[in-house]
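Participant: Sequence:
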Amino acid sequence: MNHKETKKKERAVALKYEHGRDQAPIVQAKGEGAVARRIIEKAKENAIPIQEDPDLVSMLAQLDLNQMIPQELYGAVAEIFAFIYKIDDQYKQK
Numbered sequence: 000m001n002h003k004e005t006k007k008k009e010r011a012v013a014l015k016y017e018h019g020r021d022q023a024p025i026v027q028a029k030g031e032g033a034v035a036r037r038i039i040e041k042a043k044e045n046a047i048p049i050q051e052d053p054d055l056v057s058m059l060a061q062l063d064l065n066q067m068i069p070q071e072l073y074g075a076v077a078e079i080f081a082f083i084y085k086i087d088d089q090y091k092q093k
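Take the sequence shown: its position 41, counted from the start at 1, is 40 in numbering that gives the first Met the number 0, and no numbers get skipped.
Source of the hints: derived by calculation from the structure; they are not laboratory data.
Cβ atoms here follow ideal geometry from the backbone N, Cα and C, with glycine treated the same way.
Wrong hints could be hidden among the right ones.
FRET-style restraints, in silico, Cβ to Cβ [stated by the list, open to error]:
| hint | residue 1 | residue 2 | range |
| --- | --- | --- | --- |
| 1 | Y73 | A28 | 18 to 24 Å |
| 2 | E44 | E71 | 28 to 34 Å |
| 3 | K91 | V34 | 19 to 25 Å |
| 4 | N65 | D88 | 27 to 33 Å |
| 5 | L64 | K8 | 15 to 21 Å |
| 6 | Q27 | Q70 | 27 to 33 Å |
Simulated crosslink set (BS3-like; lysine-lysine; CA at most 30 Å straight-line) [to be verified]:
| hint | residue 1 | residue 2 |
| --- | --- | --- |
| 7 | K41 | K85 |
| 8 | K41 | K15 |
| 9 | K15 | K85 |
| 10 | K8 | K41 |
| 11 | K43 | K15 |
| 12 | K29 | K15 |
| 13 | K91 | K29 |
| 14 | K8 | K43 |
| 15 | K41 | K91 |
| 16 | K91 | K15 |
| 17 | K29 | K8 |
| 18 | K91 | K8 |
| 19 | K43 | K29 |
| 20 | K29 | K41 |
| 21 | K85 | K43 |
Required output: the full structure, derived from the provided sequences and hints.
Facilitator: If you want it as structure tokens, here you go:
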């Protein structure tokens with residue numbers, strides 16, 4: 000029996016949210032493989048915090064570009080934005 004190793008494809012979704020302008024976070028970029036790696040690379044280059052959550056990425060990847068996230072995902076995305084704001088505050092205090 001020949002067992003092939005199943006390699007999960009790397010995926011990434013970038014969200015954008017401007018308080019006071021956007022009603023909810025918007026899918027700004029998404030992709031798999033090389034595109035996902037480029038999204039992550041750009042985030043690192045711009046000191047944008049990265050949160051890994053394969054289940055959430057899987058759900059967000061089903062959305063169209065420039066689409067607001069659905070209300071069902073507000074809680075999960077709010078946790079990520081809270082994490083990002085905390086990291087951003089810590090960075091600004093240094």
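Participant: Decide if the proposed pair is consistent with the structure: K43 and K15, CA atoms, cutoff 30 Å inclusive.
Facilitator: 15 Å, holds
Participant: Quick check: does the Cβ-Cβ distance between N65 and D88 fall within 27 to 33 Å?
Facilitator: Holds: the Cβ-Cβ distance is about 28 Å, inside 27 to 33 Å.
Participant: Given the hinted pair K85 and K43, is their alpha-carbon gap at most 30 Å?
Facilitator: Holds, because 17 Å separates the two Cα atoms, which is no more than 30 Å.
Participant: Lying within 18 to 24 Å: is that true of the beta-carbon distance Y73 to A28?
Facilitator: At roughly 20 Å between Cβ atoms, A28 and Y73 fall inside 18 to 24 Å, so the hint holds.
Participant: For a C-alpha distance cap of 30 Å, please report whether K91 and K8 respect it.
Facilitator: 34 Å, violated
Participant: K91 and V34, beta-carbon distance inside 19 to 25 Å?
Facilitator: Violated, since K91 and V34 (Cβ atoms, about 31 Å apart) do not stay within the stated range.
Participant: I want to verify a distance hint. Is the separation of the beta carbons of Q27 and Q70 within 27 to 33 Å?
Facilitator: 19 Å, violated
Participant: Please work out if K29 and K8 have their alpha carbons no farther apart than 30 Å.
Facilitator: It holds: about 13 Å lies between the C-alpha atoms, which stays within 30 Å.
Participant: Check whether the Cα positions of K41 and K15 lie no farther apart than 30 Å.
Facilitator: Between K41 and K15 the Cα gap is close to 14 Å, so the pair holds against 30 Å.
Participant: Straight-line Cα separation of K91 and K15 no greater than 30 Å?
Facilitator: Holds. K91 to K15 sits at ~20 Å (cutoff 30 Å).
Participant: Regarding the pair K8 and K41, is the alpha-carbon distance no greater than 30 Å?
Facilitator: Answer holds: K8 to K41 is near 19 Å, not above 30 Å.
Participant: If I claimed the Cβ atoms of E44 and E71 lie 28 to 34 Å apart, would that claim hold in this structure?
Facilitator: The hinted range 28 to 34 Å holds for E44 and E71, with Cβ atoms some 32 Å apart.
In summary, the structure is inconsistent with hints 3, 6 and 18 from the numbered list given earlier, while agreeing with the others.
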